[in-house]
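Those protein sequences? They're chains D and S, same order as listed. Each residue of the first sequence is one higher than the one before, starting from 1 at the first, in the UniProt record's numbering. Each residue of the second sequence is one higher than the one before, starting from 1 at the first, in the UniProt record's numbering.
You can take every hint at face value.
A few chain D residues that face chain S, going by a derived Cβ cut-off under 8 Å, partial list only:
hint : residue
1    : A7
2    : R9
3    : L10
4    : P41
5    : P42
6    : V54
7    : P80
8    : M84
9    : Q224
10   : I227
11   : F228
12   : C230
Since the hints were derived computationally from the structure, they do not count as laboratory data. For every residue, glycine included, the Cβ atom is placed at its ideal position computed from N, Cα and C.
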Amino acid sequence: MTKRLQARRLDGIDHNPWVEFVKLASEADVVNLGQGFPDFPPPDFAVEAFQHAVSGDFMLNQYTKAFVIIIEPFFDCYEPMTLMAGGRPVFVSLKPSPNQDGELDSSSSWQLDPTELASKFTSRTKALILNTPNNPLGKVFSRAELELVASLCQQHDVVCITDEVYQWLVYDGCQHVSIATLPGMWERTLTIGSAGKTFSATGWKVGWVLGPDSLLKHLRTMHQNSIFHCPTQAQAAVAQSFEREQLHFGQPSSYFVQLPQAIQRCRDHMIQSLKSVGLRPVIPQGSYFLITDISEFKSKMPNLPGAADEPYDRRFVKWMIKNKGLMAIPVSIFCSVPHQELFDHYIRFCFMKDESTLRAMDKKLQKWKDELRP
Amino acid sequence: MFLARGRLCTLGSRPKFLKTICASKILGLSTSAKMSLKFKNAKRIEGLDSNVWIEFTKLAADPSVVNLGQGLPDISPPVYVKEELSKIAAIDSLNQYTRGFGHPSLVKALSCLYEKFYQNQINPNKEILVTVGAYGSLFNAIQGLIDEGDEVIVIVPFYDCYEPMVRMAGAIPVFIPLRSVYTKEELQVIADLCIKYDTLCISDEVYEWLVYTGNKHFKIATFPGMWERTITIGSAGKTFSVTGWKLGWSIGPKHLIKHLQTVQQNTVYTCATPLQEALAQALWIDIKRMDDPECYFNSLPKELEVKRNRMVHLLESVGLKPIVPDGGYFIIADVSLLDTDLSDMKNSNEPYDYKFVKWMTKNKKLSAIPVSAFCNAETKLQFEKFVRFCFIKKDSTLDAAEEIIKAWSRLKF
Numbered sequence: 001m002t003k004r005l006q007a008r009r010l011d012g013i014d015h016n017p018w019v020e021f022v023k024l025a026s027e028a029d030v031v032n033l034g035q036g037f038p039d040f041p042p043p044d045f046a047v048e049a050f051q052h053a054v055s056g057d058f059m060l061n062q063y064t065k066a067f068v069i070i071i072e073p074f075f076d077c078y079e080p081m082t083l084m085a086g087g088r089p090v091f092v093s094l095k096p097s098p099n100q101d102g103e104l105d106s107s108s109s110w111q112l113d114p115t116e117l118a119s120k121f122t123s124r125t126k127a128l129i130l131n132t133p134n135n136p137l138g139k140v141f142s143r144a145e146l147e148l149v150a151s152l153c154q155q156h157d158v159v160c161i162t163d164e165v166y167q168w169l170v171y172d173g174c175q176h177v178s179i180a181t182l183p184g185m186w187e188r189t190l191t192i193g194s195a196g197k198t199f200s201a202t203g204w205k206v207g208w209v210l211g212p213d214s215l216l217k218h219l220r221t222m223h224q225n226s227i228f229h230c231p232t233q234a235q236a237a238v239a240q241s242f243e244r245e246q247l248h249f250g251q252p253s254s255y256f257v258q259l260p261q262a263i264q265r266c267r268d269h270m271i272q273s274l275k276s277v278g279l280r281p282v283i284p285q286g287s288y289f290l291i292t293d294i295s296e297f298k299s300k301m302p303n304l305p306g307a308a309d310e311p312y313d314r315r316f317v318k319w320m321i322k323n324k325g326l327m328a329i330p331v332s333i334f335c336s337v338p339h340q341e342l343f344d345h346y347i348r349f350c351f352m353k354d355e356s357t358l359r360a361m362d363k364k365l366q367k368w369k370d371e372l373r374p
Numbered sequence: 001m002f003l004a005r006g007r008l009c010t011l012g013s014r015p016k017f018l019k020t021i022c023a024s025k026i027l028g029l030s031t032s033a034k035m036s037l038k039f040k041n042a043k044r045i046e047g048l049d050s051n052v053w054i055e056f057t058k059l060a061a062d063p064s065v066v067n068l069g070q071g072l073p074d075i076s077p078p079v080y081v082k083e084e085l086s087k088i089a090a091i092d093s094l095n096q097y098t099r100g101f102g103h104p105s106l107v108k109a110l111s112c113l114y115e116k117f118y119q120n121q122i123n124p125n126k127e128i129l130v131t132v133g134a135y136g137s138l139f140n141a142i143q144g145l146i147d148e149g150d151e152v153i154v155i156v157p158f159y160d161c162y163e164p165m166v167r168m169a170g171a172i173p174v175f176i177p178l179r180s181v182y183t184k185e186e187l188q189v190i191a192d193l194c195i196k197y198d199t200l201c202i203s204d205e206v207y208e209w210l211v212y213t214g215n216k217h218f219k220i221a222t223f224p225g226m227w228e229r230t231i232t233i234g235s236a237g238k239t240f241s242v243t244g245w246k247l248g249w250s251i252g253p254k255h256l257i258k259h260l261q262t263v264q265q266n267t268v269y270t271c272a273t274p275l276q277e278a279l280a281q282a283l284w285i286d287i288k289r290m291d292d293p294e295c296y297f298n299s300l301p302k303e304l305e306v307k308r309n310r311m312v313h314l315l316e317s318v319g320l321k322p323i324v325p326d327g328g329y330f331i332i333a334d335v336s337l338l339d340t341d342l343s344d345m346k347n348s349n350e351p352y353d354y355k356f357v358k359w360m361t362k363n364k365k366l367s368a369i370p371v372s373a374f375c376n377a378e379t380k381l382q383f384e385k386f387v388r389f390c391f392i393k394k395d396s397t398l399d400a401a402e403e404i405i406k407a408w409s410r411l412k413f
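Go ahead and model the full structure; you've got the sequences and the hints to work with.
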């Protein structure tokens, strides 16, 4: 073939960090606290719903030079998806306002500067992508913060795409607020949810979007001209799982009550363990991730092996996999290239893991701690 | 063989055919008018919102209608296929994410199966991509390889999604009507042209196993000079009669597949894990017995050939002239011979076959799909007397269809 093969819309988006890091995790003998998937089973009722769906009615085997503001750090796919659509991402960073008292920071202390945020909106801004609870930070946007975003979206007539896949995973009595419920927002908001995160079944690959018909009709057109359907049985299983939850909603027996309680314990366990080796985790209000400041290691071991301009956190993670048998994800992959330096002293751990995985993590951390002693 | 397979070739961009669709945004309007402009759809989906499946599936949803429309098997999938999925649903790790470009055991099984046909090793990681249905493969191939302004040859009649997918990529479909079946010689002509004009070929072979006596399926990618420029698409739904699993695959050289992988990683990222594992297990069962009559790749076409012959006979017996398919699970027939009075059907701008199918669904409780849905605007008139019937249906469905058709013909004569 003599001519260029790939479409121009793929320029600059062919590299994907997950492909690299998932491969690393499979090659090394590591405790995998990297990619965000539970290593414990989905709840019994969800598994039963899927089994029922796959063994029931056999017919279930049959036939689912605009600007986009992206808040950093962001789930990495938002940027390439925006580029692939020919849009231009405009980044605005959450910034920490560190504690003076030496205590660990909370994700709530990472905030947007209202003036800076407002300055990013122009007449050509088409959409803003919000993610709450946030991956990788675990921040749960407060009502006041959402009201700020909402007022700017309304003032500039912008569509809000809000990724709320972790909506059920909030801790310490924190409240998840859907921006679509704020006045003036329903007609301009697309709210995204995920069965994988709701029912701890990431392999089912069922998600959904809620919004006004005037916006959804365009998503339906895309859908019918791309994949057209989603797998039937997985959808039937998700439907049944929600029906079960509706009967238990708000009660102690609800999975949406039990899961965050259980995962909060995992979060707290991980925070204590990480502190013991001099890492400084940021306490997340939600999601299944936390980020950890590795500045001390950066100053003590600045020259870890890696490519010439490879951000420090990526080199650190690879070193940690090789030497400490622990896997995490470098936070700079959740940032735009020009801002990677601001975040290259953070790594992300996933605590949505079975007790046995967390105990294995403790063993590795204990060994690491012993090696640190002079 | 009409609708069992459609083919796409691209001829690359030629300046004289370039059309740029521009919609200029007008500034300075009042807020409400400005709002309606911003909330308007992206240009890429302009004019692509109507869809024959959505329209006709709704019509056929009435349970009293005998549905020979959408290609939806109502026969049971093979027992072992369902059993595999049932077993796998209980395995914890298989409810979580798997490899984005294809679950390892599945791409290995696909590689093993197709190596027998390509007579070459197929790298499971670099030369195979698992997608959300064959639709997903078509989408990835078109988005990954076709640019705005490119020309794409589409052979008419065609599976309806090819045209909107090509337009959505900003490319220009060039329609060429089919005049004969896909003999080896005709495929060679297509191959020669693709090589001469340095063109890619996207070959949709979802019905590859459904070929009837006296016919053979040829893979254009196996012709000399074609492997390096062809993406071949397959489907679990059509292979194992499980359309609801929505798993498909693309096979091709790594210098092309890698671009489909880029689209995948920036769209769905990965396909459902338990379904992929179950599909892998089902494939292994049949790979081990390819020459056995019990192998589903052999038993299904045998079963369907009987149904095909039954449908042909039925349609002929009432004076319709069906076109006997050599493969696939559809049959088309010229219904104008029934001379039905459609004057009370509203929307007289619609082609004859659209009106006919709606009338037939409402009045005869039998549904089908109008063949002009598989044509571009210019060729719709050529095919508007034809209607497509699906025969991958259980006997009781075909019995019910037979009763309706026989009663109908008694009324006329």
